[in-house]
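Line by line, the protein sequences give chains V and P. Under the working numbering, the first residue of the first sequence is numbered 1, with each subsequent residue one higher. Under the working numbering, the first residue of the second sequence is numbered 421, with each subsequent residue one higher.
Hint data in this document are derived by calculation from the structure and do not stem from the laboratory. These figures come from a predicted structure and were not determined experimentally. In this text, a Cβ means the ideal position worked out from N, Cα and C, and glycines have one as well. Do not rely on the hints blindly, as some may be mistaken.
Said to hold, decoys possible - Simulated DEER-style distance windows between Cβ atoms:
#1 V:Thr289 / P:Ala705: 56 to 64 Å
#2 P:Ala455 / V:Gln142: 30 to 38 Å
#3 V:Arg220 / P:Gly496: 38 to 46 Å
#4 P:Gly496 / V:Thr334: 57 to 65 Å
Below are the chains, spelled out letter by letter.
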Amino acid sequence: MKIEPHSRLPRRRLLGLATGLAGFAAFAPVKLAFADAPTESRFVLVILRGALDGLAAVPPYADPDYAALRGPLAFGEPGEQAGALDLDGKFGLNPALAPLLPLWQAQELTILHAAATPYRDRSHFDGQNLLENGTAVPNGAQDGWLNRALGVIGATDRRLGLAVGETAPLVLEGSVPVASWAPAGILPEASPDFLTQLASLYRADPLLGPALATGVDSQRLSDEIMSASPEPAPNEMDAGKNGAKLRAADLLAPAAEGAGKLLADARGPRIAVLEAGGWDTHANQGLMTGRLATALGGLANGMVALKRGLGPAWQETVVAVVTEFGRTAAPNGTGGTDHGTGTVAMLAGGRIRGGRVVASWPGLSPEKLYQGRDLAPTLDLRAALKAALATQFGIDRATLARRVFPDSDQVAPLEGLTEV
Amino acid sequence: MASITGFQAVSRFGLGARAGEIEQASAAPSDWVLAQLQDDATPSGLADMPTGQTLAADLLKAFNRGAAAVQENLKGAARAQYLGEIGARTKAQVESEAPFRERLVAFWSNHFTVSIAKPALIGLAGAFEREAIRPFVTGKFADMLLAVLRHPAMLLYLDNAQSVGPGSRAGQIGHRGLNENLGREVLELHTLGVDGGYRQEDVQAFAKMLTGWSIGGKRGSTPGAFHFYPQIHEPGAKTLLGKSYPEAGEAEVEQAAADLAHHPATAHHLALKFARHFVADEPPADFVDRLAGRYLETDGSLGAMATFVVHEPDAWHAPLTKVKTPTELVVSTLRALGRTPEPKAIVASLKSLGQVPFAAPSPAGWPDRSEDWIGPESVLRRADFAMAVAQRLPASLQPRQLLDVTLGPAASETTRQGVERAPSPADGFALVLAAPEFQRR
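Next up, chain P with everything else stripped away, as it sits in the complex (with noise of 0.2 Å):
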């Protein structure tokens, strides 16, 4: 038998309903849910993508051919590479029997974002997910932020690649210097968080430990694979959040990101965006302080973290108090459906929605309250996406048996008499698409 509880278990944690999903999940929701965290497969599609690091190498292939064979290399290959990536993890969330995985895989992306709003990260971008989030989403928090400080789409996109020491031997005879920027965000947006302590000594201090890690190309290093350049590594011990690192290379990154890792603020931080996520926009203070409680006691386990929301009776109390972003709109539809688009019919689909996948206008990511993804005019596209699949659904199905496959027991009087008395099968259609309980998770 359908349940809320199962509608929220597939809507609110996983991403949205596939035919059946609902009974199958209102058995034991929190159990349905919970059990996805076991399913660390990496979904086939995935797995045959070319690596980050053979990519990078193409990418700086390019560079050092010149700006007309970068252009070239941004608009062919990178291109293409972008939309496979688009069309391979579209097919692994609208097929996926782990969703809650998902969900976590999309989280922790847009938590470190990398974004095509920099052009050179448009081939990238798809293996900086597969490679540095979807393996860590239930590992620990510090393992999954070397991974990304590793990679280079983020040393690209944060400009790290090209930091160099000011005291280092490159520093010394050559033009370039510190960069702040990979420095800065980490603290800003992926660790402490904007008010965690941090001052700008830190800012410099961390982006100091940082100078040297780049991408290999040079001096016999592996081209495109992260490489470690002691040349350009600022020498000697830095002070960062009072604490004093000894010059150690490589290792203190390492080490600076173990503290940050399990710093009070990063804590508290990640468990208020997770929460924010998952339970409300405005999610409850104690709920907070205790997931992030359970994040320090767990040693930065991103898997404990995803347990306890589960088991929070905050996640459940409140159904669809978030609102679906467009890719969830999106993804959820086509699950609806069971059918996967071509590439470019998806970004188109979220261009107009306001969400080009990987191309959040910051390293903030993409934003994550209800308001800043409704407005008139983004419930306007909302209503034309319904209608747009609508009319293309086949006249076998009828809007009943869609609304009962996607929202079952959660359609409310007023949503199943809208849908019953809609003029037309393809009104009907675009009705339960649109519907609030659609809409929401």
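The shape of chain V in the complex, shown without the other chains (with noise of 0.2 Å):
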């Protein structure tokens, strides 16, 4: 359905994309040119939409009341059982997140931990408008910070800024035009996630309620017969309609590095925002596996493909990777964690000076957790954001206060985040 503003590159054309960039020549001159980018440097956002619980992403296994407050959920020391990866001695990486210890031994990667937006409520609506909208309150803004950063350093083509989908996402909203796109297969179909939270709508439906229970029996069955049988082809994982119900943080692989592509080319965008879902853990979370184990595998599989897109300009860029707030610290009844507070972000790229976790720990005790129940935030998100800016693009202190994140004079860019 043509149901949106942004300019859109063909989709049919951009298939060849994420498997190799053989037919990008022909098209790019026409679709995607632009001459005089103002900048070398790469900027990319990665929403995770959805909350992402960041005691378990990077717990905090030498924290005395770590193991206790996070029970059935808690990762035990690095080499114990369902142990954490080591980072630091004191923080760890979730197991799940493996394919991303080489940036961290390559310096490549930084962890802020109990970070959080100015955001203090448990909406996932506010929190990503908030998260997006770059003020310190829901809806104080109609357009996006990353927009307005794309005003402050001259953009005025719309290539220069790309959202990876197809409608550009809030943050990305505003005056400067951008240009969406999305590999095919990107889009899904309602996904099991979805579809769960539809049967609850359903429950008391006579009709609708047993026929979705019916039908999603059926294609769980199917999906299982579709699993066991023997090596699917890659691209039948992409394109079929198996692929299509998979999470969607299991298809942030095909869309980064087909961004990395674009991004590293001459002619391509500079700045490009990411989107996966699948993190609103409320149930069934897991540790070594489940839900959260998938969709971390999900992300980390996405930042290296993104790595291996951009290639040689990975030197040049800078990767954050946000969610709109955290979650309970404790777990919840039924094996998983409600919307809670501080949790945690990340930078990668070859410009960040990696290999840290980031963090004015709060402690885990009762006393010290953010209204008896999240990991307390003690850094505000916009200033790694304005770091990142800072050193990608140039944007002065004073601009990025009151142009990209109003009114945020209080709040400093981080020191020594980035190598300049």
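From these two lone chains plus the hints, build me the complex, please.
Written out as structure tokens, the structure reads:
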């Protein structure tokens, strides 16, 4: 359905892009080329929609209160059974994020812990709205901070900013036009997660409820049969119905690799936004396996794919991975976590002075938790985003504090995050 | 202030809320619905379409040039016409400020189905609805019936164009004979109903009356237009439902149609279908009886039927008894968003949801009970559709805004909470569009 205002690269012509750039040159001059990019720096924002559990992604295994507080969701010490992968003797990496270890070792990955936007309530929409509008309140601006940043660096060509997906998220909306692009197969049919949400709406409906339950059952059966069949070809997984039913985070890799290739090209965009869902883990969150491990694995593979797609341009890149808020520190009654506050964010790329966990660690004792239930936020996410924008695009501190993130004078850009 | 009854007015009797429509309807819901019966302007996109006569003439010209020319017409001009009709019709439905009237058009169009299951109809189906249905939805049933019987689309779809009276001059010398198809379906589907008390002799009698009702193109007639050919009309008196009709040429069908329209079985058949469409899958029997009575005492006025059902408390007491058909679902989704996509996208969506426009599987039209539209696979398809639409919505819109515009006070606490707690805007939008209150009407 044609209902979006952004210029869109035709999907069919971009089909080949995720697997190679062979077809790229043929259409790039028409659809993508722009003259005089004002910068060679790249910035990629990855939005994890649904609120990532930071204590699960980067477990503070050495915190004395951690194991008891997290109970069945606690990772062991590094080397133990179900142990975290050690980062710095205090924090570990969720084993599902193991593909990121090489980045860490190359000092191209920084973890920001106990981080949060200024938002302190627990609505996904409001939290995401604030994360993207760049003010301190929901609906505090009608445009997004990354679009305003594009305006500051003098972007006039729509192809400088790229939304990966069919429409631009709020963070890219605004007066500067941007392009959008989606690899084939990324648009999900209704995912299992969505069908679970829908089932609760249908519970009382005598017709829709049973029909959906039966439909999900038969779909699950066919998925099992499909996954039991030997080695499905990758392109079948991408394009077929089975692939389309996968969780959104699992679809990040082809989108990220394609976006990386677009960003890497001399005529390509310089700023891109990727989105991934699957983080709202209210039930059966899992430890070594389960919903969160699957989603984190998808994220890690997506980051690796992005680096692969960028190629040498990775050296000019900062990637910021952010989410709207964290989750409760203790598990809830259904093996999951509910909406919380403090969480982790990540910065990666060749321009990052990485291999560090940046945190003013608040601790996990009951009196240290925010409202007695969440990891307390001690790091304003805007401080990291400002630092990234300053490094990559030379935006000065005053402009960052007034235009890009309005009324944020008191939030200083984090020092030393990047290599200049 | 938006009220539940306002929501019912736009959902049960309309095509789903456009922004502000629930509030607009809430002040006086039944008045809001009934005022639309006065609005008989043809939507602009439909007024500009070529006539059925022109389209039928093109098709007949192709027939005369052979099978290859027919294929070329059906795959080329006629298919383009079909897509144009779908685009214009959907746009009219999405933008209409008289959605109740659009619902009446859709109801009667389905009652008098012509289907592209017979490929020759692809270019003509839209013209049929525009010309034989739309102008009559608040008029007399007998007038609509005659317009239907004279339309080239129906004459082709149910084969009457080629039916020849065996006792006619042409029948005596030629190789062609009677085709009962239209005569039978008019009695079974369009008037009396399958249990309406007619017998095989009646089918044959009515089919004979219909001989000669065909499409111009020969012997100096206007190509593509309705034309009565006396030379293929079965001569002599015919007995239909126990009444003898003397030989009267073209006028026989006019007289029979008037009698069929005023038959109590027809009144009951139409009342049951009408009540089933607007009130409940199994509407209260006494209401159906009263509606049939109203039909008979108003000389078969379809406007009177429509008014009667809007005044019926049963139509307002139980909300959400009906499930939207795929077309109603797609149109109401588009109304909520204020957008009309390309015709191919509309057809593709409706195909995946199981209701390609003008493609009912039989002359009986699309079914109209909830269970006909809801099953395990179709629910998943509807969820897919909701998500596919939701993925394309701009970030400037918020799920709770979409919820308020489309469902307003009708949203249950469960739905509202589900939407509020959705993990992403796309999930939230999709939950609104897949919610029971949106799937039903």
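Quick rundown of the hints versus the structure:
Distance hint check: the CB atoms of threonine 289 of chain V and alanine 705 of chain P are about 58 Å apart, consistent with the given range 56 to 64 Å. Evaluation of the 30 to 38 Å hint for alanine 455 of chain P and glutamine 142 of chain V yields a pass: the beta carbon distance comes to about 37 Å. For the pair arginine 220 of chain V and glycine 496 of chain P, the beta carbons lie near 45 Å from each other, so the given range of 38 to 46 Å is met. For glycine 496 of chain P paired with threonine 334 of chain V, a C-beta distance near 59 Å keeps the hint of 57 to 65 Å intact.
Checked against the numbered hints above, the structure violates none of them.
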